[in-house]
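Those sequence lines, one after another, are chains A and B.
If you read the first sequence in our numbering, its first letter stands for residue 1, the second for the next number, and so on.
If you read the second sequence in our numbering, its first letter stands for residue 153, the second for the next number, and so on.
Errors might be hidden in some of the hints.
What follows is a list of derived Cβ distance ranges for each label pair [said to hold, decoys possible]:
1) B:E249 with A:W148: 55 to 61 angstroms
2) B:T639 with A:G49: 41 to 47 angstroms
3) B:T183 with A:F46: 46 to 52 angstroms
4) A:L42 with B:I501: 52 to 58 angstroms
5) A:F43 with B:T208: 21 to 27 angstroms
Some chain B residues flagged as far from chain A (calculated, every beta-carbon gap over 12 angstroms) [what the hints assert, rightly or not]:
6) A225
7) R342
8) G345
9) A636
By construction, these hints were calculated from the structure, which means they are not laboratory data.
Note that CB positions come from ideal geometry on N, CA and C, so glycine has one too.
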Amino acid sequence: MAARKDHPVDAAGRDEGLARRHRRFGWTSLFAWMCGGLVLELFHGFKLGDYLLDPLRRELWTLAHFHGALLSVVNLVYVRWTEVPGLSAAGRARASWALITGSVLMPVGFLLGGLQHFEGDPGFGIFLAPLGALALLYPVAMQMRSAWRRRE
Amino acid sequence: MVRIGAALFGALALLAGLATLVRSVAIDVTTPVDLTRVSYATSRTCVMCHPGRFETWHRTFHRTMTQRADRSAVLGNFEDARLVYQGVPSRFTREGERHYIETLSPDGAMERHEVVMTVGSRRIQQYVTRIGGRHVRLPLAWNIEERRWIHLNGGFLHPDGSDFNTHRAIWDNNCIFCHNVKGQPRYDERTDGFDSRTAELGIACEACHGPAEEHVRRNRDPLRRYLLHAGGRDPTILSPREMTPVRQIQLCGHCHGQRLPNPPQRLAEFILVGDPYTAGEDLGTFTTPIAAHTELPGVDLRQRFWRDGTPRLTAYEYQGLLMSKGHAGTELTCISCHDMHGGDPRGMIRPEMRGPRGCLQCHQDIARDVRAHTHHDATGPGSDCYGCHMPPTTYGLLAIHPSHRITNPDPARAARAEMPDACTLCHTDRTARWAANATRRWYGEDVAEAAPGDDDGIAETVRALLGGDVVQRAVAVNAMTQEASYTADATARLWGVPFLLLTMEDRYPAVRHFAYRGLSRLVRRAQTASGAPASAPLPDFDYLADGPERDEALARCWSWWRSLDRRRIPHPGPAVPLDPDLMPIHTEVAALTARQSRNVIAIGE
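Just chain B, same shape as in the assembly:
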């Protein structure tokens, strides 16, 4: 009896102890945590419990946004490679694990810098050195896709002849904020240098999920973990999907929406201490998104927006989404389409959200009869939701991206604002008037404005290509050479070649790059298609070569065009200033190019 009693007592004591333990853990699980006071743990600790999530993040370009310059991170050719731009012969060398760039310093001498960090890993890789108490981004970069060195004029929007070191930038008070987790410049006024720190280089787990040290510490307790597995929300970590739509957008907008400190005096806090924002907080407490009307001494921010306020550079997607038609009050957020752990790392769009089906999931009234809505073939590019409602009108490094301001096409309004519109980005041979009339006919006067009265009869994309500013020209080149087009006949699209050749004379290396790359794509498609006349190979052209060398290459390209059998390329019509032999009508071309503005756009990357 005594033994049974002792056993019963022991069992009861065990149960009571277990119940107390469970209760204390249950209380811990429901107690909120002030994440702004929590330290960062780095992704090395996350992988222990979240190997799958770690793996899906590890393959992204977020991870490799900033890296220490070891051999696994450095993509550029440092085997005594050379680049001559604007007469400056830069040299790229390696000694064991150390990488060096010899180039022109701001005081006019050639200097050799050791690369200590890399920035970027998708389109271009930039290099950061340490000069005095500062990390400095050098003006030379490795073009990853084309496997060549470039001056950053070839990626940013600056014309030839600008200061060679225009793109030298201090990493500590610029790049650090968005290309890392919790950047802290820690500026020292005494030394005029920085003692920069980051929670982690690159964009890692805690940029989105918040500081995790407390999460890691508490979840060493298996009982806590299994209570959470059984159902519960862990207050020690953030899940963006559980945030309100506004907070979700702000989380991405922290980097994908350029901002200024709010109030402006807060700038000192950013530079002396660091970025005060922690994931999950109200971004508006610390910063204000840059808009077309924002004043910033020394920088013309209007250049970064189309005249109607739509962003025309990348890193303004936050602003674009906030301006989108009917966005307020909807559940649409960045992660409705993008997935930080899924899809192709290029764009990080969930597979099911690529193409029209992404939109049609919600817009089922349109899905029932796509043709009735688009007035285009339901399976063709004319029925691509993104093409019309998020047209490619945004300039980013070496690419034109979809606008993140979701709008309805309105060609007349776009023409008045001197910005591209979805219709003529596909129908590159048509005028804004033609597009405006079609839009009004299909969607009514309430939706689309009346056609502009001062239409000179020139196809809108051609007009922008020859007479627009640098972003208009880049967008127009992309429109003439992108995959989506009004015609499936690759040969018919070759009428754009003479205009692209004219654009290869552009003062902006970035536009020349777009033009030659686009031309190559057009020609390749035509050569692949049956009956293509472009049998001779397109001559080479280096958009960063000096003027005389480019002129020679361009002359070879014109000779190549003249030598083609152009009779098989249909004339695009009266809106395109080409003679019957598909050569530019110089009087009309000259009138258009005279309108080109010579603006310089500080991208702020």
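Only chain A is shown next, with the shape it has when bound in the complex:
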């Protein structure tokens, strides 16, 4: 497959591509989850019973908003760490995808879990949240390993 012009294949270019990916994803995701936060505020403002009177839904959607926004910021911070020397190029790419996957799965899991839930348990969508959490552990573990290596 031919490489696209704006997606160079050399190592430095790939790292630049990873940084761009997290920058784009981070800002887009932050925008989306901030809009989500605005919607939650509207629910409060207009006293939407389906949200306010359903403690589990309220908790899950609050968690979705919080994790979505926080992970967006993490992605923006991660832009600085895409070129970390302690990781191989393939390792950096895997860590990048895992971070983005986790950043999507976790808040979306909370969102879907609250959309249609059981009494005392979130809906089936909640299974995305622990999968997302596992995905998020991977880049954190990789970066942690690289940090210890650099120190040595």
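With chain A held as given, fit chain B onto it using these hints.
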């Protein structure tokens, strides 16, 4: 290649492990559990997974049926309040969190008791103390609606002059069974005391859903929970809606249908160990419902039933439903109308089941033309299914309740059985003969019996009010003063006032209470209606005051009635023994009151 192989192997191993886990949980989910061997977990654990169901139960009077006597539970006025009844000055005090009742002990001395538990929270709240090795229900209670102290003669059916301590009762071998979850009196013959235990005070989740410890333990596993969410029945807990109709009724009948141990020798098991019944079991294995013909030494159980066997006290709804016309084989159960998690906690009737539409959901042939069935205005009280088929003929604490024996109105049969009938409970100015003739004319001879031949021409409700026994009188007062009536003219109903004033002389405080409360309601409605003549306020009357004080209050009430402009109140007709000035015709009244029986009814609450 090696790495791909390792990854594939890892993925397969993971899948196999997951499949084994799912399979083991799936087997667990389908394995039945013997709930009689399971321990109780209490509602505190239920709330973690069922917050909504917990909340809808938490607001009910079931929850607060029995409580520890802390300040949040105690409703009565314990700020040095006093009540004098039958010359006994009782005193109600509080010291911090502790509540005390000073009253007459059975040996004639005044004693101060610390309240340790409360029973009830809707109409009256009763108080339980600890004496020796026993919990004892004291004979004084707080009337919640009227915010006053009463002696239990004012709630139960005992006349003045009966032993002040008649209503002292041992909680450990009585109240414990129905007002709590899994009561265990644990009587100790050596000490002649009880080491009572309950799974939970009040009527909580496990009274209906069964013991839940196994359910709680197994459902800590999220995989199990989600397998059940995906579709499945959890064998570790009961859902009354999934029981057979018979088991559903028995579940409620366990408390709403007074029973005796079956066989009688099983009583020892009840007292020494505890109630053997667990939700979902066959109630008949352990107990037999009390019926009119049941023999119990020392108690005349016939008094609790009308002569045709229909229960006339509450806590017999189970028996009533079982006796209902055409009930056997139907799907009709308690939860067809009642909902333990919905509706107004007072009655716990689902909103859609209140009023005729509840019945008309199934009886659609009647729904198509209500008037043709009822011969009354389709939207008026005459077309209220409950009013005719479940008439208010059952005495409960401070209220008359609908009968749970669903029947067709048959005034002649009711008159012969000396029990109230639906027609004359509304048409309080009419005779049983009049009602019987109308019923036969409308529904045919196959449905209604012929009118009684010995009719003396007196309106049936008036006859019951003046000459009936204590339950008949209470039911008649309710009929004369309830919302539903043959007339929408509140002023026209004031003809009942002189009869209510006569009833305020009753020997039974409970009947006096009904009479004065009903009178107040009648007068209030008339005053609210336009053109009401009752402009002067009705004098106060304390149904528990001593005789001379009541006589004075009653004299003031009669003066009030004489002072009213009664010309605007139409005479109710020849069946009501009132002179043209709407004063009682004393010869006829005396003849009727001479028939009153002096029975005492042990309610068994």
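message: Over 12 angstroms from every CB of chain A: does B:G345 meet that, or does the non-interface label fail?
response: Given that every Cβ of chain A is farther than 12 angstroms from that of B:G345, nearest at about 41 angstroms, it holds.
task: Could you say whether the range 52 to 58 angstroms given as a hint is met by the Cβ separation of A:L42 and B:I501?
output: Roughly 37 angstroms apart at Cβ, these two residues miss the hinted range, so it is violated.
task: Given the hint of 55 to 61 angstroms, check if B:E249 and A:W148 actually sit that far apart at their C-beta atoms.
output: 59 angstroms, holds
Interface-negative label, B:A225 against chain A, beta-carbon threshold 12 angstroms: 26 angstroms, holds
- prompt: CB of B:T639 to CB of A:G49, is that within 41 to 47 angstroms?
  reply: 43 angstroms, holds
task: Given the hint of 21 to 27 angstroms, check if A:F43 and B:T208 actually sit that far apart at their C-beta atoms.
output: About 24 angstroms separates the Cβ atoms of A:F43 and B:T208, which means 21 to 27 angstroms holds.
Supplied distance hint 46 to 52 angstroms, evaluated on CB atoms of B:T183 and A:F46: 48 angstroms, holds
Status of B:A636, Cβ more than 12 angstroms from any chain A Cβ: 35 angstroms, holds
field: Closest CB of chain A to the CB of B:R342 still more than 12 angstroms away
entry: 46 angstroms, holds
Checked against the numbered hints given earlier, the structure breaks only hint 4 and satisfies all the rest.
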